[in-house]
Amino acid sequence: MKFGVLQFPGSCDDIDALHAAARVGEAELIWHGQRDLRGADAIVVPGGFSYGDYLRAGAIARFSPAMESVVAFAREGGLVLGICNGFQVLCEARLLPGALLVNANLRFTSRQVQLEVVNADTAFTRACGAGGRLSIPAKHAWGRYHADERTLAAIEDAGQVVLRYAPGENFNGSAHDIAGVVGEGGNVFGLMPHPEHAVDELIGGSSDGLAIFESMRMSVEGVPA
Amino acid sequence: MLIRPKAGILDPQGDAVQRALPALGFTGVSDVHIGRLIELDVEDAQQLRPMCEKLLANPLVEDYEVQLLEGGA
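Chains A and B are the protein sequences, given in the same order.
Heads up, the first sequence is in this note's numbering, so the first residue is 1 and it goes up one at a time.
Heads up, the second sequence is in this note's numbering, so the first residue is 1 and it goes up one at a time.
Note that these hints are calculated values from the structure, not bench results.
There may be inaccurate statements among the hints.
Said to hold, decoys possible - Among the chain A residues that face chain B by a calculated CB cut under 10 Å, a handful are:
id: 1; residue: Phe63
id: 2; residue: Arg94
id: 3; residue: Pro97
A virtual CB, placed ideally from N, CA and C, is assigned to each residue, including glycine.
Sequences are here, hints too, so could you generate the full structure?
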């Protein structure tokens with residue numbers, strides 16, 4: 001299978017995402033100005049500061065030519081993973097519910113976080129194991145997940161909350177300790193922590209992040225969980 | 001356009017300023033909220049609200065208010 005990794009001016013985790021995706025499949029960068037998704041089977045919208053995060057994080061990247069194609073790809077059921085800034089972009093594009101606001105403590109924070117896999121029955125977490133945990137890094141200033149009460153109740157009921165910060169790990173003040181959500185169709189996933197930085201135990205603190213990319217590969221290739 | 005956090009949404013910047021003011025001797029301050037001001041010239045003022053809805057504000061978390069200054073500021 002082939003991953004397409006978007007690259008915006010201001011992306012900074014694109015190469016790590018490319019590296020992580022290349023561990024489980026083919027991977028190619030897609031410049032933000034191009035509409036052609038190069039036949040990718042799955043798209044990664046990486047972390048960074050697309051368009052300088054001007055106005056709001058993700059607000060401008062959402063309208064780039066590549067993102068227009070990604071929105072159409074997602075509407076047809078294609079798998080789209082948004083990490084950190086990519087999560088913000090997918091929320092701004094309304095492919096995911098809610099929004100990311102400034103951390104409750106107003107600080108940029110970079111640390112390893114422990115996550116609980118709340119729903120292992122998704123295209124992005126099937127390799128994680130039910131009740132599993134992931135130890136992966138998070139690094140952001142605008143990562144406080146917010147949605148109104150009605151939306152929170154709806155996504156909880158529908159199993160769209162996929163990852164939660166483990167007890168004591170919710171450093172940014174996210175509603176319901178939410179670290180990652182899927183959209184209604186289950187084919188778009190956004191999370192604030194960085195699985196692409198945790199694919200090698202030597203430098204990532206763990207290789208737990210690989211499970212996300214491996215899950216996507218299994219889903220695209222139709223491998224039974 | 002004045003853009004501000006929706007009522008009821010935690011506004012840690014406003015809270016931080018609210019805590020800082022009494023430390024400087026300003027008393028009786030409450031309900032501090034911090035938003036953003038966007039100034040622009042536009043030929044067709046009808047476009048302002050759609051601009052806010054689509055790009056300038058995130059209606060999920062922000063309210064906006066349009067103020068028109070005819071003939072430019």
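Verification of the hints:
| no. | hint | in the structure |
| --- | --- | --- |
| 1 | Phe63 | 8 Å, holds |
| 2 | Arg94 | 9 Å, holds |
| 3 | Pro97 | 9 Å, holds |
When the structure is compared with the earlier hints, no violation turns up for any of them.
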